[in-house]
Amino acid sequence: MAEHAAAVAHQFDDAEQQRGAAELGMWIFLATEVMFFGGMFTAFTAYRWLYPAAFAHASRHLDVLLGGTNTIVLIGSSLTMVLAVHGAREGHRRSLLVCLALTMLLGGVFLGIKAIEWTHKWEDGLVPGLRFTLTGADAGPQELFFFLYFAMTGVHALHLIIGIGVVGVILALAWRGHYTAEYHNPVEVTGLYWHFVDIVWIFLLPMLYLIGRHGP
Amino acid sequence: MARSGVRVYVAVFAALIVLTLATVAVSYVDLGPASVVVALSIAFTKAVLVVLFFMHLRESPGLTWVVAGGGFFWVAILIGLTMSDVLTRGWLPVAGP
Numbered sequence: 001m002a003e004h005a006a007a008v009a010h011q012f013d014d015a016e017q018q019r020g021a022a023e024l025g026m027w028i029f030l031a032t033e034v035m036f037f038g039g040m041f042t043a044f045t046a047y048r049w050l051y052p053a054a055f056a057h058a059s060r061h062l063d064v065l066l067g068g069t070n071t072i073v074l075i076g077s078s079l080t081m082v083l084a085v086h087g088a089r090e091g092h093r094r095s096l097l098v099c100l101a102l103t104m105l106l107g108g109v110f111l112g113i114k115a116i117e118w119t120h121k122w123e124d125g126l127v128p129g130l131r132f133t134l135t136g137a138d139a140g141p142q143e144l145f146f147f148l149y150f151a152m153t154g155v156h157a158l159h160l161i162i163g164i165g166v167v168g169v170i171l172a173l174a175w176r177g178h179y180t181a182e183y184h185n186p187v188e189v190t191g192l193y194w195h196f197v198d199i200v201w202i203f204l205l206p207m208l209y210l211i212g213r214h215g216p
Numbered sequence: 217m218a219r220s221g222v223r224v225y226v227a228v229f230a231a232l233i234v235l236t237l238a239t240v241a242v243s244y245v246d247l248g249p250a251s252v253v254v255a256l257s258i259a260f261t262k263a264v265l266v267v268l269f270f271m272h273l274r275e276s277p278g279l280t281w282v283v284a285g286g287g288f289f290w291v292a293i294l295i296g297l298t299m300s301d302v303l304t305r306g307w308l309p310v311a312g313p
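Residue numbers (the working numbering), protein chains in the order written: chain A, 1 to 216; chain B, 217 to 313.
The set of hints was computed from the structure by calculation and includes no laboratory data. Hints should not be assumed to be uniformly reliable.
As the list claims (entries may be wrong) - Here are the in silico distance ranges between beta carbons for each label pair:
#1 A:Gly91 / B:Asp301: 49 to 59 Å
#2 B:Val282 / A:Asp14: 14 to 24 Å
#3 B:Leu247 / A:Val155: 27 to 37 Å
#4 A:Gly136 / B:Gly278: 47 to 57 Å
#5 B:Val302 / A:Val155: 18 to 28 Å
#6 A:Thr32 / B:Ala241: 34 to 44 Å
#7 A:Ala22 / B:Thr261: 35 to 45 Å
#8 B:Gly248 / A:Leu97: 46 to 56 Å
#9 B:Trp307 / A:Asp14: 22 to 32 Å
#10 A:Arg60 / B:Arg223: 38 to 48 Å
#11 A:Asp13 / B:Leu247: 22 to 32 Å
#12 A:Ala7 / B:Val234: 42 to 52 Å
Nothing here was measured: the structure is a model prediction, and the numbers come from that model. Cβ coordinates follow ideal geometry from the N, Cα and C atoms, glycine included.
Next up, chain B with everything else stripped away, as it sits in the complex:
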């Protein structure tokens, strides 16, 4: 099994710091609706770096990938189905609560 080295960890740490500074800097720029997309894309990239390298998922067996992916898959269902309600409430001219 391939083991990660100190050099890899420091490189990932540097990337995480750069991405943190980038997301703070870009938040002061008005990108309209894209602001949220950019902020969450950077956060997701950082999370993937932590999971793959610091949590050693890239060295882990397939079953661990299934469990890790499963957590995020079910959260996607949770948010997706909830927002399918919230986002579409104004679509039909029906008196709301």
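Chain A extracted, bound-state conformation:
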């Protein structure tokens, strides 16, 4: 593929059909990802309905400044990712390389802030099963909230780590000149995956950090 960058695999009629097949494949994978995260979103919705006060209390232990900053960092990484795809489409190798590197950097910043938050939760004794020190009438449902918090942010962070790794591979291949304006399908589908991970966080911010923010 490297020496024939614009080559069309033999099962496709033309490059356009090949690109369409690659993108549709990624969209189908993302549909399964929607269902995967959907299960946790459903569990959260059900338990939030059953224990609204405890979930609001537990939510107030989270740091909105860190969560909000991370949202902006991740949206920024989506901008650099889409600019990388744009650079690939236009055949601008330099802009593709710079934007991919920035995307990895912002993804790393997100994980760093996330690690700081998790450390705070450990110090505050808010880690279910390992170190959970809240007491009182609604300590049980609050522990449930933090279980869902760590499950959802943990699986999201795992997706981001995978995303950073994939973008790193794409960056290395782009460095070696594998992609042209005619053939850059891996850049396009990696972009789709990255934006999906961003969308998951867009929903996690209000669900985890913002519910019950205005309460007593």
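Take the given structure of chain A and dock chain B to it, following the hints.
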């Protein structure tokens, strides 16, 4: 096929930042049950912006729309049917578990 430009991407990015600040700000206001509706409406709007412009769905063929819509449709069934149980448990005076 219409291609998106840098200007469009930056405009969508700006809109996403504004909506993020708005949803954080409005969460400090007590809107009662409407709080959840407002927060999720803003999140949904942001998701649609990302899907249409950053993921280029608006330039994609109809089959991609079906797949993208299908994912959300099935999640709606998952949440809808689950909540139809959870929400209605107190409606009848039957001893629960």
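What hints, given by number in increasing order, does this structure fail? Checked against the structure, the hints that fail are numbers 7, 9, 11, while the rest are satisfied.
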